[in-house]
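Asks: Sequence lines, in order, name chains E, B, D, F, L, Z, H and R. The first sequence begins at 1 in the numbering used here and counts up by one. The second sequence begins at 1 in the numbering used here and counts up by one. The third sequence begins at 1 in the numbering used here and counts up by one. The fourth sequence begins at 1 in the numbering used here and counts up by one. The fifth sequence begins at 1 in the numbering used here and counts up by one. The sixth sequence begins at 1 in the numbering used here and counts up by one. The seventh sequence begins at 1 in the numbering used here and counts up by one. The eighth sequence begins at 1 in the numbering used here and counts up by one.
Please keep in mind that the hints were generated in silico from the structure rather than gathered at the bench. There's no promise every hint is true.
Straight line, CA to CA, 20 Å or less: simulated PhoX-like cross-link-like pairs of lysine-lysine [what the hints assert, rightly or not]: (1) Lys119(L) with Lys119(R); (2) Lys119(H) with Lys119(Z); (3) Lys119(D) with Lys119(F); (4) Lys87(B) with Lys119(E).
Here is what each chain is made of, one letter per residue.
8 protein chains.
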Amino acid sequence: MNSDALKKLLEQVADGHASVDDAAATLKHIAFQDIDYATIDHHRSLRKGFPEVIFGEGKTADQITGIMDKMLEQENVVLVTRVDKEKADKIIYRFSNAVYHEDADMIVHVKEEIPITGKGTILVLSAGTSDIRVAKEAFLTAKYMGNTVQSIFDVGVAGIHRLFSHKDPIENASVIIVAAGMEGALPSVVAGMVSRPVIAVPTSVGYGASFGGLTALFAMLNSCSSNVAVVNIDNGFGAGYVASAINRK
Amino acid sequence: MNSDALKKLLEQVADGHASVDDAAATLKHIAFQDIDYATIDHHRSLRKGFPEVIFGEGKTADQITGIMDKMLEQENVVLVTRVDKEKADKIIYRFSNAVYHEDADMIVHVKEEIPITGKGTILVLSAGTSDIRVAKEAFLTAKYMGNTVQSIFDVGVAGIHRLFSHKDPIENASVIIVAAGMEGALPSVVAGMVSRPVIAVPTSVGYGASFGGLTALFAMLNSCSSNVAVVNIDNGFGAGYVASAINRK
Amino acid sequence: MNSDALKKLLEQVADGHASVDDAAATLKHIAFQDIDYATIDHHRSLRKGFPEVIFGEGKTADQITGIMDKMLEQENVVLVTRVDKEKADKIIYRFSNAVYHEDADMIVHVKEEIPITGKGTILVLSAGTSDIRVAKEAFLTAKYMGNTVQSIFDVGVAGIHRLFSHKDPIENASVIIVAAGMEGALPSVVAGMVSRPVIAVPTSVGYGASFGGLTALFAMLNSCSSNVAVVNIDNGFGAGYVASAINRK
Amino acid sequence: MNSDALKKLLEQVADGHASVDDAAATLKHIAFQDIDYATIDHHRSLRKGFPEVIFGEGKTADQITGIMDKMLEQENVVLVTRVDKEKADKIIYRFSNAVYHEDADMIVHVKEEIPITGKGTILVLSAGTSDIRVAKEAFLTAKYMGNTVQSIFDVGVAGIHRLFSHKDPIENASVIIVAAGMEGALPSVVAGMVSRPVIAVPTSVGYGASFGGLTALFAMLNSCSSNVAVVNIDNGFGAGYVASAINRK
Amino acid sequence: MNSDALKKLLEQVADGHASVDDAAATLKHIAFQDIDYATIDHHRSLRKGFPEVIFGEGKTADQITGIMDKMLEQENVVLVTRVDKEKADKIIYRFSNAVYHEDADMIVHVKEEIPITGKGTILVLSAGTSDIRVAKEAFLTAKYMGNTVQSIFDVGVAGIHRLFSHKDPIENASVIIVAAGMEGALPSVVAGMVSRPVIAVPTSVGYGASFGGLTALFAMLNSCSSNVAVVNIDNGFGAGYVASAINRK
Amino acid sequence: MNSDALKKLLEQVADGHASVDDAAATLKHIAFQDIDYATIDHHRSLRKGFPEVIFGEGKTADQITGIMDKMLEQENVVLVTRVDKEKADKIIYRFSNAVYHEDADMIVHVKEEIPITGKGTILVLSAGTSDIRVAKEAFLTAKYMGNTVQSIFDVGVAGIHRLFSHKDPIENASVIIVAAGMEGALPSVVAGMVSRPVIAVPTSVGYGASFGGLTALFAMLNSCSSNVAVVNIDNGFGAGYVASAINRK
Amino acid sequence: MNSDALKKLLEQVADGHASVDDAAATLKHIAFQDIDYATIDHHRSLRKGFPEVIFGEGKTADQITGIMDKMLEQENVVLVTRVDKEKADKIIYRFSNAVYHEDADMIVHVKEEIPITGKGTILVLSAGTSDIRVAKEAFLTAKYMGNTVQSIFDVGVAGIHRLFSHKDPIENASVIIVAAGMEGALPSVVAGMVSRPVIAVPTSVGYGASFGGLTALFAMLNSCSSNVAVVNIDNGFGAGYVASAINRK
Amino acid sequence: MNSDALKKLLEQVADGHASVDDAAATLKHIAFQDIDYATIDHHRSLRKGFPEVIFGEGKTADQITGIMDKMLEQENVVLVTRVDKEKADKIIYRFSNAVYHEDADMIVHVKEEIPITGKGTILVLSAGTSDIRVAKEAFLTAKYMGNTVQSIFDVGVAGIHRLFSHKDPIENASVIIVAAGMEGALPSVVAGMVSRPVIAVPTSVGYGASFGGLTALFAMLNSCSSNVAVVNIDNGFGAGYVASAINRK
């Protein structure tokens, strides 16, 4: 339940279109709701403008379904991240509006079309083909949080002319998300070209001394461009989320 | 030289108030300028809206003075970070407008008053007394990049009522910078209270398993609140810079 | 064989209800007992008030069954930790009183009801849904060591009002066990609210820079609240054990 | 201000021995008190039964003196940890009741004798001579939190008969603190001998693969004895604090 | 081909019992022998008194069989380490004298009985049941290098009386091998009891902060007992080998 | 398309053998080509003298086939690294000239015979049998980049006479690639024997404190021989590539 | 003594211009020479074309002087690296031809002018001003090994147009050395522009998550450009040496 | 007091040359002796054949003097390791027989000449000049534990002919100690040449990716030669001690 929905409900009470009892029943679970294995934070959409997102890894299909059931009573959008195909299939046949995005390992459930509330365009770049899963997770998160989103993939620094050929969308973006593995150099180069904030998301792509993304993470934290901030390895969701927070009016 | 200054110069050429030769001489070094030990990126203020900042650590007083001389020909504000008192004293007596902020190890040189260009307030929080040096570096950077800035220090999670007593400034800030060492828990708690982006800056405060700030850094990257992005350990300057980029109109 | 059982046996010898030979046979294995692949430390329950616990990981069902057989000759309670369902099924059908707790990967075998010997209540908190396995291991260990135990799950710091709504059980507990993964911030916040000891148990929940629980571990060791002590990653058993040692009369 | 002092004040108000205005003035700063560079948590002694302790490292003598001044208005005991001799000398000449314990790098300031409130004896063991500084910090903390404390130093596992000769105090202690560097083996051996909780504090004593105490820390977290919980490297204060929390009635 | 065999061959040439051509054919491959994927170092048994041992991990059954074929032409004993059951079954049916020791993952092939050439007894201790695989690898290596070997398992420091009950074999051994995982404390305690060299072999037994044996490794390198030297994690073979080198006349 | 092919095309345009339209169509994709999941850098063979190589790990057989299709329109040689047998089988049946080298996990596709353009011989050495996969990847890369290549395997430092018996090819090589795991000592010894550059490639062969090749990597970076440069762990391809760059006329 | 000098001496013996005894005296120390604390490897210049270089760190001025004395009897060039000013002053006043380069912490002693034997130009780039010390060490090493060397400093990726303005020297170099700290991204970008080998040398410039150069080192090892090989952190000497080996005719 | 001295004393009692009272006084402190800051383990020389050695680092000159006083009442030899010159000067003027070895940072105090009790020669090798301090510590320890010791310094693998020129002492040694920093390759090469045990001692010599000796340590633990065992970084004393234990009759 977001801020608009809450106000609407209270106005309905005020003008007699909703009984106090019904409103109370609705509001009872706003703070949070215990369903044995989870304490769902319904209050979050009021406080933060977007509901809790379900981290799918390590949860069973049944647990995810249970949490979705409860959240859908109050929310318009529900996202589930890090769900593999097998688990997703068990979930989406239960919800007619749920869509599984296999290239991002995400389930998206939308009840009503989401209005664009972001003030500019969020641009998602990836250094290589293998970084796309993470970049897509960022893309979908930002999109379903109400933003206009664009993406350009496989423009890493080993052939830097590929990057420069996209100068226009880069310079016009409101926030830029850059996903890169291996040496993680792309965010520094991109951030050196613009004045807007760059959210760098290291990926676990690489081998040997890439340490599952740590090298990219540390490189990004050491960026010689100062308009860079960093999220956890493979955390496309977090990158999309923080970019949306930045882009909100 | 920022975008406004450039346009003004070109207009002067257009209406005959500046000769082409003088304008050419002025513009010659816009791209960058070699002074033996440094290639100053004057173009940066055009491209990024704020000039290059001098990282003072590992540079001599003479080198810093030399770079400042060149930058001040074209820039209104020059910041030098990570300068200890002894080195600062050798520098500031050379520039009448330079001020040394000892609690942030920074030199600030401003020619004309800086207009507020940030659209909201940037709030800087610190978890402990020892985190203040880093928090102050963030504060001054954001301030001299044209923002309204507020700060609250020593409100760590061991006595969490201290934090909650500042609920109003926290909920009203446009961007929040949180500096914390040791277990680095404060950004998660703060970010859970608001919808705006939180820039977490880990500090090297602590001992033993704090690993000079690494534990705080990793904790912040793992924040269970999604509106958190992170900069390098003790990088108050970077936090202030990225917060300013976010806060710009 | 605990201290009470030993005294009883000796009294039986003293008053003629047990022959010296029988007593000798019983006592022969008190120090320890070799069964080829293990040297069972029967003396432990005398020395420490609770028998050796079987660490199930890396042992075959047959080995576990063999050790249980020997221990049950002398002990009232036998716990086996870290047993997956497949292995557990092979074991419990051999012992009519053995129960498998799948949510904690534990087998519990109790011969006679266990009296409550703990002086207060042990409270087990978990930060997230995924930390429950570890929290349940702590819960069952504390319970079968003779304590009154309570639990509250999924009350992490991203929605801190969930935690504060449980202020009463938190302030009334004799010892608090807090299981948390990711940034591991919950123990600091909880410990800041109470004067009693908090046993923090980091979990391997998370990804990227969570390093399989290391980040949570280090964060907990750096807690700015001083009434926190820490056990190994995912060591719910150890947390339950040390909490029981603290809570004993 | 601890719980007893608070009640006394309120009773004085109730029976007219204190005016409401005076009580209000006294109570005004109970929650916390801002002194520019610190937010002193006076409420802590009410909440936790012991006031905030000053971590001296990284604070100037002036800062420490300032914080002590404010705390002494409300507290009976003030401890300052990690103060070297030079800094301590500047501080203690300002407070007639302050004593500097050089072997523990601690300042202790006591207004009135501290009653013993701990229910048993806390025993502090050290593995080597070089671990004594940390052990002494634990000793003094526990003592000034109202406990009977005993200590035995230099009883490491290379000559284990030295340890066994102290079997009686070890078996009779209510809580045992064990400080050890290098391989950190002593807590496991000690904990194997008793049923009471053991607080292990790794020290940075050693070289090469001791990693400034990390090896001892990790060894202690992996203790094969289950009644062991661990605090940060060199954190004698934390060990003394958590042992006191355990030992409180 | 060891030193004795070489002398015998040369004596046969000297007294006419072997033709020069046959001897030349035999000796041709003494230096080393290329078999495409391996350069077998036959010279090693002359130089080092024991033939090259085959490290089975990462080699196919066919590769191992091929190398064994070549080695058995010249050697009396061939050992293969780190072979799982499935692979071993494919190998041993090819060699009538080969025996697979499943508890040590080793294949042993002996042509003629091995004389005892070690000057004393090598004792192999293990801290826990799970360390036995490594301890057995050490045991078999030492045995087939011509030593009298004894073993005692599961005598870790959490119940140290188990260790002291074996004081006699410990004090009488010529070399002691100690295998331990987790906190790796056993070698220090054992080495403190004797004057003979102790070879410590850390095992990967443990979880969380045991880091796959690293904690035990580092603890052993920091042993406060000075008669300890260390081999790689899980390297039972190396421990047996170096102990044999020490024990040789 | 390499530099020779480009000139030829332009000459054909010049002398009328190719129409401008056809040439334009051919050249259109020279800069790079978007195929949804990849931005193929065709310009690379002009710029660097060798086309982009396909890193097979983490790509599906379909993706690899798609990229090969596009590259083969313009290139004579296409290499795919890190392809297991199952995936390779799905790919090579689609291309009549593609060959799978299982011992190197590589697919090689050559349209016309490759002329030798390297100025000397590249020698590939491996320390052990298990390092061969990596050494073969280096061998094939160097070969298909137009070099004369030689290899010698299993000549590690434990039997250093094996190495010295190959003194001639070692001293005559133009560049030497040395693949080694475990302690990674071979490059230092080899580089001490010659004046030519040595490219050291650490392999992940080993266990325990070999850390998946990190120990070999660090050892090589610390080589006391100064003519050693290093590539990433298991990066046989990179070693072959950089050796080819060095060996080019 | 290099190869030419040796031949000259032998020819003098052959044609009677040198006595056998004198030649023998000269040649006696060719293999190596013991001077108590060092075994000087005079043979190295024959074997490797350049004499041993003295690593100055950790040696006293007297030790360095002693080794220089012995080397100068046989060598034309002697380099000493990592010598601070104070130590250098004590050394150079002893040798009239020794020059101290303070910006590289190196002493260079040349008897006769060094002929250019390198076949192309070696280009040394640095990412920042603080990387210059390392870059200069590479520069001087390459120069005194007989190469034409060029350098361009402070052209890091945050203002990438600075780099592109130097396209010509970059594309014309025979070997390129790139020194960079912080995120270490420059070698990847440079190597993507050329076909020649790039020697990347990470520097310890940076703070926090730069780990004294480790982040730059790992980034370079993960370069997405394949013509990059890496040397140890701050090892300008090694970079210059291996570049010289590559550039030799 | 070693075993011979004890027997002598008891025989004196038996034949009346010593009174029971005097013997009792002498024996009183055999188990251990408390001197406030240390528990001296006098029993050690009986149990281990060599007295406790004083680790000088972190102890004051006064503490060392105090411990020496007590030990010299019962022991013939006292060694103090890791003492810098300044501290040593304060100590040795107090003991007429104490000698300071500055190149090993050791004090040696001998009352009567030490008989050779080792059965063969211990050989100490060092890879470089900078490893000598550690090698000398090993040398002196082995010498004063009653062994014939030889040393050869600066014979690292970059010029391996230097090593091979010492083939005879290497092959004839009973135990070989090898000290090496940087890549730590020397022990593998030496151990490949002999059948006797090699004790490898890594040194902290190196920079960058040598990690203060960790790279050498890990390389040695991964030695492809199996007769290698390892001690802690810079632990020359431990190497000498364990070599003596091996060499004892």
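Asks: Look at each hint and say if it fits the structure.
Replies: How the hints compare with the structure:
1. Lys119(L) with Lys119(R): Within the cut-off at roughly 13 Å; holds.
2. Lys119(H) with Lys119(Z): holds, 13 Å
3. Lys119(D) with Lys119(F): holds, 13 Å
4. Lys87(B) with Lys119(E): Violated: Lys87(B) and Lys119(E) sit about 45 Å apart, past 20 Å.
Hint compliance for this structure: hint 4 is the single one not met.
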